[in-house]
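Please build the complex by placing chain B on the supplied structure of chain A, with the hints as guidance.
Number of protein chains: 2
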Amino acid sequence: MLHAVIMAGGSGTRFWPASRRNRPKQLLDLVSTAPLLRLTFERLEELVPPDRVWVVTTEATAGACRRLLPEVPGSNILAEPVGRNTAACVGLAAHAVRNVDEDATCLVLPADHLIGDEVRFRSAMAAGARMVERAGGLLTFGIQPTRPETGYGYLESGEEETQDDGWTIHHLQRFVEKPNEESARRYLAGGRHLWNAGIFAWRAGDVLREIELQLPELASGLQRIGDALRGDDGDKVLAEVYPTLPATSVDFGIMEGARHCWVVPVDFAWSDVGSWPAVAEELPNDDHGNAGRGRVAALDAAGNVLVSGGPVVAAVGVRDLVVVATPDAVLVVPKDQAQRVKEVVDRLRELGWEDVL
Amino acid sequence: MLHAVIMAGGSGTRFWPASRRNRPKQLLDLVSTAPLLRLTFERLEELVPPDRVWVVTTEATAGACRRLLPEVPGSNILAEPVGRNTAACVGLAAHAVRNVDEDATCLVLPADHLIGDEVRFRSAMAAGARMVERAGGLLTFGIQPTRPETGYGYLESGEEETQDDGWTIHHLQRFVEKPNEESARRYLAGGRHLWNAGIFAWRAGDVLREIELQLPELASGLQRIGDALRGDDGDKVLAEVYPTLPATSVDFGIMEGARHCWVVPVDFAWSDVGSWPAVAEELPNDDHGNAGRGRVAALDAAGNVLVSGGPVVAAVGVRDLVVVATPDAVLVVPKDQAQRVKEVVDRLRELGWEDVL
Chain A
-9 MLHAVIMAGG SGTRFWPASR RNRPKQLLDL VSTAPLLRLT FERLEELVPP DRVWVVTTEA
51 TAGACRRLLP EVPGSNILAE PVGRNTAACV GLAAHAVRNV DEDATCLVLP ADHLIGDEVR
111 FRSAMAAGAR MVERAGGLLT FGIQPTRPET GYGYLESGEE ETQDDGWTIH HLQRFVEKPN
171 EESARRYLAG GRHLWNAGIF AWRAGDVLRE IELQLPELAS GLQRIGDALR GDDGDKVLAE
231 VYPTLPATSV DFGIMEGARH CWVVPVDFAW SDVGSWPAVA EELPNDDHGN AGRGRVAALD
291 AAGNVLVSGG PVVAAVGVRD LVVVATPDAV LVVPKDQAQR VKEVVDRLRE LGWEDVL
Chain B
-9 MLHAVIMAGG SGTRFWPASR RNRPKQLLDL VSTAPLLRLT FERLEELVPP DRVWVVTTEA
51 TAGACRRLLP EVPGSNILAE PVGRNTAACV GLAAHAVRNV DEDATCLVLP ADHLIGDEVR
111 FRSAMAAGAR MVERAGGLLT FGIQPTRPET GYGYLESGEE ETQDDGWTIH HLQRFVEKPN
171 EESARRYLAG GRHLWNAGIF AWRAGDVLRE IELQLPELAS GLQRIGDALR GDDGDKVLAE
231 VYPTLPATSV DFGIMEGARH CWVVPVDFAW SDVGSWPAVA EELPNDDHGN AGRGRVAALD
291 AAGNVLVSGG PVVAAVGVRD LVVVATPDAV LVVPKDQAQR VKEVVDRLRE LGWEDVL
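Taken in sequence, the protein lines are chains A and B.
Using my numbering, read the first sequence as starting at -9 and increasing by one per residue.
Using my numbering, read the second sequence as starting at -9 and increasing by one per residue.
Please keep in mind that the hints were generated in silico from the structure rather than gathered at the bench.
All C-beta atoms, glycine included, are put in the ideal place defined by N, C-alpha and C.
Treat the hints with caution; some may be incorrect.
Unchecked claim - Here are the in silico distance ranges between beta carbons for each label pair: (1) A:337 <-> B:11: 46 to 56 Å; (2) B:300 <-> A:61: 49 to 59 Å; (3) A:309 <-> B:136: 28 to 38 Å; (4) B:278 <-> A:284: 25 to 35 Å; (5) A:63 <-> B:2: 56 to 66 Å; (6) A:226 <-> B:11: 39 to 49 Å; (7) A:63 <-> B:292: 49 to 59 Å; (8) A:236 <-> B:300: 29 to 39 Å; (9) A:24 <-> B:229: 46 to 56 Å; (10) A:274 <-> B:267: 26 to 36 Å; (11) B:40 <-> A:309: 46 to 56 Å.
Next up, chain A with everything else stripped away, as it sits in the complex (with noise of 0.2 Å):
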């Protein structure tokens, strides 16, 4: 049977002051009224009832995962005890998966973020599953880019293999690092290649095959936490082994070495929402282009993104600034430098000011 394994598992800092430590970018109601994990579960809905849907979290917020998804079975909430990298998230998912249901195929997903058409979406997460249930080996789907980006990884297709309900399936022919602005260029000209969006399809037996085959240190750490979950101890090993287990992503410790892998080129409008720009993209925009969000008023300003979790924000004469204010912090910097909020918070830790952190 089809089952959804969402990766929730990020702490990412760029979204501070909105996320926090123990409120990262995937609970955040960031351009919606629910946090992206919601969405990401609502947008599963029609595909994958809730009690196959599985979310791999942290334990800082495994809690506020099943208060948002009280749909989901609270035994589908997986926390990792420390973050592994995705061949170990997806790894640990597959075994919890495999224990209720041995012939089990995996969608997996990142909780956070954005797509366009969900019917469209919805479709081609089915086409994506058929594929691999069909022909077994590991799928991927690869977002057709819009403009030469030079922030995300590439897939390259290679030869077509089949087509399902309107979709083409090829071979995945490699995973292509962060390009220069150049490459980007002859990417988008060239219709090859693919934003990599870290969506995924497979059977479970067949991701724990290729991982014991190309990670055997990963595979029996895994075996002994999968064997443990089936019983009372599932926590304790959890707890023990999982620290242990040798850290690489899916793309490179998996993907890359697997005998058959797939990837599926989809056009419905997507986001990982990576930067405030980017939610602002997603927000309502004033006559001058001012992205607001919350009780916010723009004066005489144009260009910027003003998100506001409670305060009023009253912005006047600026241009191209992200202003994000929190009851107990606040950020302002030029929207151009929005990647810069690592900076913050390091900065913040410096001063010794956790408590907004």
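Same frame as chain A, now just chain B:
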């Protein structure tokens, strides 16, 4: 005996969001750990005992003034039912003071200014008070200009009359409205023009006599209130009569037409703390000219004014901005547009966000 009348009726919006309807500038600790009103009171302590200090304020803030100045008898805190400009304010105070001290001399001072050298300040105040005790008339203190400021009114000094404790007392020639740049430069070079700081000295009887001569309608209203304040229905008559008084300023309603007016040029550092940039001049600055108050952090930022009334404020990569944050409201405005705060307040009122005004 010498009394001090502190005018604390201001309800300005220039310091929003730090200032609010019920928490005007004089109640804010903008530059020190104490509110400006408290600093004004303490500055006078060696000159005037607390039971001879009087405060004229608004009904909304009378309670806060009493709490802030517990040494001052509650009956010395006079609450105007509505603001009727400064002539009515000083007349009300003169009646209240004369009711307890027939021959009282009054120093009259704004509650919300800063003074550099307090010893010289008290010396000047004492000299001014001795002058009006000896010679009568209405006396004002004029600040020696240090720049061609166009934001203040000026006092033009006339012939020298006498000296006292190193201070020279002149006849007051005339009041000058806020000048243009060219005139301001001429005033600075000429040496006879002084900034009008709104600090006065007079015998209570003398200022009331001048009001009677020049503003008979104001005088008769004030007389009714003064008489009532001696009995039990002071509050009632104040509430009835005060709103009907003509509204005019001390300068143009009383001083300009008075028979004897004096001015004492003073050279201690003085600020009316009229805007956020003026506040910044009183705050510690970092190596990049960022003035800060509260938990604020500037990264690769220069020339900013960062003021927090609670939240952590992080400013990254920005220049010459004013950022003021409170738990429920945040202002961002370029330093050279800081005077536009009033527009913000008007806009927020239009938006119906009265809770933060």
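Right, here's what the structure says about each hint:
Checked against the given bound of 46 to 56 Å, the beta carbons of residue 337 (chain A) and residue 11 (chain B), roughly 36 Å apart, lie outside it. Here the CB-CB span from residue 300 (chain B) to residue 61 (chain A) is close to 38 Å, at odds with the stated 49 to 59 Å. Separated by about 34 Å at the C-beta atoms, residue 309 (chain A) and residue 136 (chain B) satisfy the suggested range of 28 to 38 Å. Taking 25 to 35 Å as the suggested C-beta distance range, the pair residue 278 (chain B) and residue 284 (chain A) conforms, at roughly 30 Å.
Between residue 63 (chain A) and residue 2 (chain B) the beta carbon distance is about 59 Å. The supplied range of 56 to 66 Å therefore holds. Under the hint 39 to 49 Å, the C-beta atoms of residue 226 (chain A) and residue 11 (chain B), about 59 Å apart, miss the expected range. In this structure, residue 63 (chain A) and residue 292 (chain B) meet the distance hint of 49 to 59 Å, their C-beta atoms being roughly 54 Å apart. Hint check: residue 236 (chain A) to residue 300 (chain B), Cβ distance near 45 Å, so the stated range 29 to 39 Å is violated.
Here the CB-CB span from residue 24 (chain A) to residue 229 (chain B) is close to 53 Å, well matched to the stated 46 to 56 Å. For the pair residue 274 (chain A) and residue 267 (chain B), the beta carbons lie near 33 Å from each other, so the given range of 26 to 36 Å is met. Between residue 40 (chain B) and residue 309 (chain A) the beta carbon distance is about 51 Å. The supplied range of 46 to 56 Å therefore holds.
In summary, the numbered hints that this structure violates are 1, 2, 6, 8.
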